[in-house]
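Student: As a plain string of letters, each chain reads:
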Amino acid sequence: MSVNSALLEGRNLSKYFGSVIALKDISVTVGEGQVTCVLGDNGAGKSTFIKILSGVHQPDEGELVMEGEEVRFPSPRAARDRGIATVFQDLATVPLMSIWRNFFLGSEPTRKLGPIKMVDVKSAQRIMHDEMAKMGIDVRDPEQPVGTLSGGERQAVAISRAIYFGAKVLILDEPTSALGVKQSGIVLRYIAQARDKGVGVIFITHNPHHAYPVGDRFVVLNRGKLLGAWERGGISRDELVKMMAGGEELDELTQDLERSLERK
Amino acid sequence: MSDQATAVEPPTPTSVVDDRLAQVSFLTKVMRRPELGAALAALVVAIFFAATTDEFGTLDGAANWTDVASTIGIPAVAVALLMIGGEFDLSAGVMTGTAGLLMGLLATELDMNMWIAIALTLLFAAAVGFINGTMVVRTKLPSFIVTLATFFILQGVNLGVTKEITGTVRVSGLSEVSGYNSAFDVFGGSFSTYDFRITVVWWIAITVLATWVLARTRVGNWIFGVGGDQVAARNVGVPVSRVKIGLFMTTAMAGALVGIMVALRLASAQASQGVGQEFTYIIAAVVGGCLLTGGYGSAIGAAIGALIIGMAFIGIQFSGWDTDWRFLFLGVILLLAVLVNNLVRRSAEGARR
Numbered sequence: 000m001s002v003n004s005a006l007l008e009g010r011n012l013s014k015y016f017g018s019v020i021a022l023k024d025i026s027v028t029v030g031e032g033q034v035t036c037v038l039g040d041n042g043a044g045k046s047t048f049i050k051i052l053s054g055v056h057q058p059d060e061g062e063l064v065m066e067g068e069e070v071r072f073p074s075p076r077a078a079r080d081r082g083i084a085t086v087f088q089d090l091a092t093v094p095l096m097s098i099w100r101n102f103f104l105g106s107e108p109t110r111k112l113g114p115i116k117m118v119d120v121k122s123a124q125r126i127m128h129d130e131m132a133k134m135g136i137d138v139r140d141p142e143q144p145v146g147t148l149s150g151g152e153r154q155a156v157a158i159s160r161a162i163y164f165g166a167k168v169l170i171l172d173e174p175t176s177a178l179g180v181k182q183s184g185i186v187l188r189y190i191a192q193a194r195d196k197g198v199g200v201i202f203i204t205h206n207p208h209h210a211y212p213v214g215d216r217f218v219v220l221n222r223g224k225l226l227g228a229w230e231r232g233g234i235s236r237d238e239l240v241k242m243m244a245g246g247e248e249l250d251e252l253t254q255d256l257e258r259s260l261e262r263k
Numbered sequence: 000m001s002d003q004a005t006a007v008e009p010p011t012p013t014s015v016v017d018d019r020l021a022q023v024s025f026l027t028k029v030m031r032r033p034e035l036g037a038a039l040a041a042l043v044v045a046i047f048f049a050a051t052t053d054e055f056g057t058l059d060g061a062a063n064w065t066d067v068a069s070t071i072g073i074p075a076v077a078v079a080l081l082m083i084g085g086e087f088d089l090s091a092g093v094m095t096g097t098a099g100l101l102m103g104l105l106a107t108e109l110d111m112n113m114w115i116a117i118a119l120t121l122l123f124a125a126a127v128g129f130i131n132g133t134m135v136v137r138t139k140l141p142s143f144i145v146t147l148a149t150f151f152i153l154q155g156v157n158l159g160v161t162k163e164i165t166g167t168v169r170v171s172g173l174s175e176v177s178g179y180n181s182a183f184d185v186f187g188g189s190f191s192t193y194d195f196r197i198t199v200v201w202w203i204a205i206t207v208l209a210t211w212v213l214a215r216t217r218v219g220n221w222i223f224g225v226g227g228d229q230v231a232a233r234n235v236g237v238p239v240s241r242v243k244i245g246l247f248m249t250t251a252m253a254g255a256l257v258g259i260m261v262a263l264r265l266a267s268a269q270a271s272q273g274v275g276q277e278f279t280y281i282i283a284a285v286v287g288g289c290l291l292t293g294g295y296g297s298a299i300g301a302a303i304g305a306l307i308i309g310m311a312f313i314g315i316q317f318s319g320w321d322t323d324w325r326f327l328f329l330g331v332i333l334l335l336a337v338l339v340n341n342l343v344r345r346s347a348e349g350a351r352r
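Protein chains in written order, with numbering that gives the first Met the number 0: chain A, 0 to 263; chain B, 0 to 352.
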């Protein structure tokens, strides 16, 4: 894949908070219909990275390039208007609101009744139902509150909403971290579905086992710095796990634990 | 195409989820309505007083309790919208007093036409609401504290200014002002042989309007979103600050409207009018299913809550009991409503297994 076909590219991004180096010299790219996984333990700089891509923070150094053109996102709205949708872990949906109201919150379809604009509930419900069906979820009751859905289904609502409203790049912030094994698998399938629709997905996670099956590219961050970047096939699952866990430290830990077991 | 694809899919984890979604009965749908509890309670209160007193069930009696219900209900509906939007307004009660006094002073002291005085009063209320809302949005302080301050400021101004200008704690002589009669007909009069108050018509109209706004307009969707999770709402592009400020303005204007109605009806305004009413409005909204934490509730519910309170106040009077018992009644229904709402919230928000 050549550099030109990248949908969104971050080049040498750095961010400082006072004397704290939150992010140093990070380059990441995602192409159309690709999944780029950004991995890192707590404090690795993943959140700062997302916030730069989604317009919450501006990078102190480096540049963002979208579809070959250098861009600046002074606000989250600017990023959204450019087609970058961010799904934050717990802040994506309003639990007490119904599924269709959540789906269209902020972008409600309207129809005119004389001079009065009102929400076109019928078509909103139909569109929501169809979009969710594409994700493999059959919503029988559009008025059901989102809070009664499972964590995975709530992510699905947020993801399908982003795709429906024309997101070119979908940034998912730890979508699987609060979920069980089965639910995580379902969310990974939604990610694959988004990718198959041509969306560029940036999948932030601390779990290499979740990243490995869907990722086309893996970027590992550690303490604000780039630990390494690999294309799919360029790294094995075990190597990725090891990278994540801090390599040699994990080896030491394993040996320590084995020794203490032998002593018993 | 895609529908077919899902239909022929073999059993997968998602189709297990589908089975669970399918079990939505009519009962579930009714139970999901926030105003259900209030409607049942209203029925119980109505039956009780109709059975124990002679006047309550008559049309004359109904004219009485709908009158009380309407002057509580108009601000209560606005307070309900504000509460769904996640905020409180403790200055809504005292605003009724401020509005009556302001309108009265403009009309009697400055010889203004009553209609102009009414328009300026509503404008003033909108400005107070705007300040309340802007303070809450900008400072991120709890609206409880901000509007508590507004409450005391307005109460002080009501008494201070009225005493300063009139030498008493009331403004009177409104009936001699030009435009009084036509304004009285619109805001203070009554109709039919049973003397139903015109305020009842306003109350019903405002409830219908608020319900429509909540259910069928973009702003309505935003109100739910802002109250349910304002960060999530902002993330998807809802203008959170504008929605909140608008709600504070609506509430202040609803309070002022009732103040205008009461002052026109009595042809005078008391400086102490409305103090304490703010809690009655909040109780009506909570009894109607509004959650104290925002994001859930209904305008019809608040109207029914006001109806319950109106029926109880008049019912207590008809029963020959001391009318001060109404406070005990308010406390009890508030407590019951909060307990019921808690259950509702839990089932709506966390029914996951």
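Treat the hints with caution; some may be incorrect.
[Said to hold, decoys possible] Computed spacing ranges between beta-carbons, pair by pair: (1) A:Leu-112 with B:Trp-320: 44 to 54 angstroms; (2) B:Leu-140 with A:Asp-237: 45 to 55 angstroms; (3) A:Ala-177 with B:Trp-320: 49 to 59 angstroms; (4) B:Asp-184 with A:Leu-112: 51 to 61 angstroms; (5) A:Leu-252 with B:Val-230: 35 to 45 angstroms; (6) B:Phe-143 with A:Asp-129: 37 to 47 angstroms; (7) B:Val-230 with A:Ser-122: 48 to 58 angstroms.
Calculated directly from the structure, the hints in this document are not laboratory data.
Yeah, the Cβ is synthetic: ideal placement off N, Cα and C, and Gly gets one too.
Student: Hints first: check each against the structure and report whether it holds.
Tutor: Structure-based check of each hint:
1. A:Leu-112 with B:Trp-320: 44 to 54 angstroms: Holds: the Cβ-Cβ distance is about 49 angstroms, inside 44 to 54 angstroms.
2. B:Leu-140 with A:Asp-237: 45 to 55 angstroms: holds, 53 angstroms
3. A:Ala-177 with B:Trp-320: 49 to 59 angstroms: holds, 54 angstroms
4. B:Asp-184 with A:Leu-112: 51 to 61 angstroms: violated, 31 angstroms
5. A:Leu-252 with B:Val-230: 35 to 45 angstroms: holds, 37 angstroms
6. B:Phe-143 with A:Asp-129: 37 to 47 angstroms: With Cβ atoms ~43 angstroms apart, the hint holds.
7. B:Val-230 with A:Ser-122: 48 to 58 angstroms: violated, 28 angstroms
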